[in-house]
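Protein chains: 2
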Amino acid sequence: MSGTRMSTDRGGVSGAVKPLVPVLAIAGVGLIGGSFAAALRQRGLVGEVLGAGRSPSSLALARELGLVDRVVSYAEAAEQADLVILAAPVGATEPILQAMRPYLRDQTLITDAGSTKVNVVQAARRALDDRIAQFVPGHPIAGAEKTGPEAADADLYQGRVTVLTPLEENTPAARQFVTRVWEAVGARVLSMEPDIHDRALASVSHVPHFLSSVFMWQVATSPDSDLRLALAGSGFRDFTRISAGSAEVWRDIFLSNREAVLAELTEVRAALDQAQAFLQGAQGRELEDFLERAALARRFWGSRSGLK
Amino acid sequence: MSGTRMSTDRGGVSGAVKPLVPVLAIAGVGLIGGSFAAALRQRGLVGEVLGAGRSPSSLALARELGLVDRVVSYAEAAEQADLVILAAPVGATEPILQAMRPYLRDQTLITDAGSTKVNVVQAARRALDDRIAQFVPGHPIAGAEKTGPEAADADLYQGRVTVLTPLEENTPAARQFVTRVWEAVGARVLSMEPDIHDRALASVSHVPHFLSSVFMWQVATSPDSDLRLALAGSGFRDFTRISAGSAEVWRDIFLSNREAVLAELTEVRAALDQAQAFLQGAQGRELEDFLERAALARRFWGSRSGLK
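First to last, the sequence lines map onto chains A and B. Start counting the first sequence at -10; every next residue gets the next number (this note's numbering). Start counting the second sequence at -10; every next residue gets the next number (this note's numbering).
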């Protein structure tokens, strides 16, 4: 860049200084990718934003909303971007990276927002092969039942955790850069092994979604569902909120993390057996102790999580 | 009342006209009872509010907060109130009504806010005997994980459903009066048989609470619960919110509606078996269809429920 820039001009919107991410490409311009771009844009940390994806209507909407500057192919994204963020359903990781691989510049880094990591890393290794060092896997623990670019929110990642599961092939500089970008959008970055991530997320994200969907399905398919739903209140609302999420996204997550999800479901069933035995036996004291243990844990988590 | 009152003075705060409920007694001054009093008070529909209950600290706090004017015994409440609302855990219904029965004036009506109705009606019949006509059972479908008089909210019932399960002994005037009072606090009143209510509520309220608590218990008692909870996001927050509720209140609800809850849990387990078989078999299409059915039902309910 030019040597004439003012020393007080420390990057951002002016264009006189190279921003943190000169060219960003989003593969999948929904809530996650759109919010990532919006967050960098709002903070003046991105130059141009390219959007790639399979849905022409989402891409057009993302451009209308100003989330992306240009709609490009995956090949063009790989060729032109300094940083690519994959924000498509995790099942699309391998084909998207395959489409990018032949065009990928040496200096381009890729991160992702996939909710599972073991499977995504395997897919990335197959697709990127000897360029795997350019992929720094990530998972921002944010999102919502809302979907699509219209739901994008520059504050989505503010104060939330993003897990990175760096690969041994990643250079320290690559890890640092991707960490810095996630921090720049407001996230707190934690690093861990992919399998540790996947087992923890199976427990606190995938299983609740599975149970919420199963429950919602059972209510909706019951013969008297209209009456039931007329009497559903705020507890029902909260418990089932996640079941409204994208069926395709969650199918991919469940299939991608199948073993861990099934293992956790077994544990939850064991806990259910126990609580149900207390109820069956009208063991009020034991049932209350069980409920109290859960209530105390939830209240403690609620007071510390920072999630309103 | 005096014949001198102005015809434009149609009740409320002036004191010149008898309010809808001249003397209200709340038995159990927590969120539910406190909000009921606050709602009537805010609308100028109550004269004096008496508070009775077993917790001196809650009663003192309710008086400090201006929710109740005087702390009284159950006997005094029965003797002095025009309307009594029972808002204690459902397991306390029978002893409270027994304590009131000898002092109950002929004109006093009693309603309740218990989350189960078959059991409450049985308890009320035993306790009130030949005075059962004075009891019009109800259940406001509102409430929250918050508890205690400090959580009382004059708008808690606004736009929510209150189910009444009137008894054949109730006079039309008694039903109408209790309906009118619940409508006055903002609720939409639906009437049905107690067992219909209990089965529907087992499905949309009690089972979600049971599952949320079971899940929260399982996460909290896992060896790596700290890591799990550090990675828990907004989906976890919503799914587990209800598990923070009062263990005592929910123990009573579960025991009081045991058969219906156990029957519904059997149905939910069957749905879980089905979804889990799709996952086990990596049946992506079937799994996605299942999730989509739940998601569509939840979105439809969300758009109609009026619950934000």
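Treat the hints with care, as some may be off.
So the derived list for chain A, only partly shown, Cβ under 7 Å to chain B, looks like this [as the list claims (entries may be wrong)]: (1) 9; (2) 12; (3) 92; (4) 117; (5) 120; (6) 121; (7) 122; (8) 130; (9) 166; (10) 173; (11) 177; (12) 207; (13) 224; (14) 273; (15) 276; (16) 288.
Bear in mind the hints are in silico, worked out from the structure with no lab data behind them. From the three backbone atoms N, C-alpha and C, an ideal C-beta is built for every residue, glycine too.
Check the structure against each numbered hint from earlier and tell me which ones fail, lowest number first.
Hint check: 1, 2, 3, 4, 5, 6, 7, 9, 10, 11 fail, others pass.
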